[in-house]
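Participant: Quick note, the sequences are listed as chains E and H, same order.
Here the working numbering is used: the first sequence runs in plain steps of one and ends on residue 114.
Here the working numbering is used: the second sequence runs in plain steps of one and ends on residue 112.
Incorrect hints may have been included.
Pairs of lysine-lysine, BS3-like flavour, derived with a Cα cap of 27 Å [claimed, not checked]:
hint	chain 1	residue 1	chain 2	residue 2
1	H	K15	H	K58
2	H	K15	E	K95
3	E	K57	H	K58
4	E	K18	H	K42
5	H	K42	E	K57
By construction, these hints were calculated from the structure, which means they are not laboratory data.
Spelled out from the first residue to the last, the chains are:
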Amino acid sequence: EAQVTQNPRYLITVTGKKLTVTCSQNMNHEYMSWYRQDPGLGLRQIYYSMNVEVTDKGDVPEGYKVSRKEKRNFPLILESPSPNQTSLYFCASSKNFDSGYGYTFGSGTRLTVV
Amino acid sequence: QQQVKQSPQSLIVQKGGISIINCAYENTAFDYFPWYQQFPGKGPALLIAIRPDVSEKKEGRFTISFNKSAKQFSLHIMDSQPGDSATYFCAASLSGNTPLVFGKGTRLSVIA
Chain E
1 EAQVTQNPRY
11 LITVTGKKLT
21 VTCSQNMNHE
31 YMSWYRQDPG
41 LGLRQIYYSM
51 NVEVTDKGDV
61 PEGYKVSRKE
71 KRNFPLILES
81 PSPNQTSLYF
91 CASSKNFDSG
101 YGYTFGSGTR
111 LTVV
Chain H
1 QQQVKQSPQS
11 LIVQKGGISI
21 INCAYENTAF
31 DYFPWYQQFP
41 GKGPALLIAI
51 RPDVSEKKEG
61 RFTISFNKSA
71 KQFSLHIMDS
81 QPGDSATYFC
91 AASLSGNTPL
101 VFGKGTRLSV
111 IA
């Protein structure tokens with residue numbers, strides 16, 4: 001089944017403790033992206049990657065890192081999480097950067113930073 | 001600067017009624033306008049999309065109306081059903097040039 005897989009689904013952590021949210025897709029998609037979803041603010045893009053070793057900042061990149069060493073994986077790294085990063089996170093992928101192909105989203109990771 | 005403005009934030013519709021969600025965009029270069037549907041506990045999924053060379057696109061009970069001069073587009077859900085209850089996001093982009101920019105979402109509740 002074609003899908004985007006995120007792990008974990010739920011995560012509670014403490015301020016300052018580094019964490020990684022993994023994202024993997026099995027569709028050989030070139031384009032991958034991370035979003036955060038907050039009430040009243042909708043979906044805001046954190047980082048995106050047009051292909052292996054090519055990443056770029058989205059609208060809200062502060063406090064996040066990403067890497068794209070393999071085509072299928074696009075982990076989101078929070079080096080020193082803070083409570084304002086408590087959010088619902090989604091990874092998405094697309095055939096390529098042409099958004100006309102449509103984005104496939106993962107099921108989300110609900111992160112709580114205390 | 002919000003490039004895509006979506007309204008209303010929430011909407012309650014009776015079963016069988018018409019649900020209408022509106023979006024306005026600022027960048028006249030945008031050429032791709034999709035709508036995504038998100039059920040609780042799930043990621044958004046592409047519902048229907050339109051390009052500015054047509055003024056309307058229909059897929060089943062879902063219709064996008066597009067007004068290029070007003071820089072507005074809307075989603076109409078005919079004969080709304082409780083199973084349509086979800087959050088709907090409009091989005092826009094310049095194909096192959098910019099990532100999708102999403103509206104803030106509309107939570108639709110269809111009540112029997």
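Participant: Does each hint fit the structure? Answer for all of them.
Facilitator: The hints, checked one at a time:
1. Proposed proximity of K15/H and K58/H is supported: the alpha carbons are some 20 Å apart, at most 27 Å.
2. For the hint pairing K15/H with K95/E, the CA-to-CA distance comes to about 37 Å; that exceeds 27 Å, so the pair is violated.
3. About 35 Å separates the Cα atoms of K57/E and K58/H, which puts this hinted pair outside 27 Å; it is violated.
4. Between K18/E and K42/H the alpha-carbon distance is near 26 Å, which keeps this suggested pair within the 27 Å criterion.
5. Distance hint between K42/H and K57/E is fulfilled; the C-alpha atoms sit about 25 Å from each other, no more than 27 Å.
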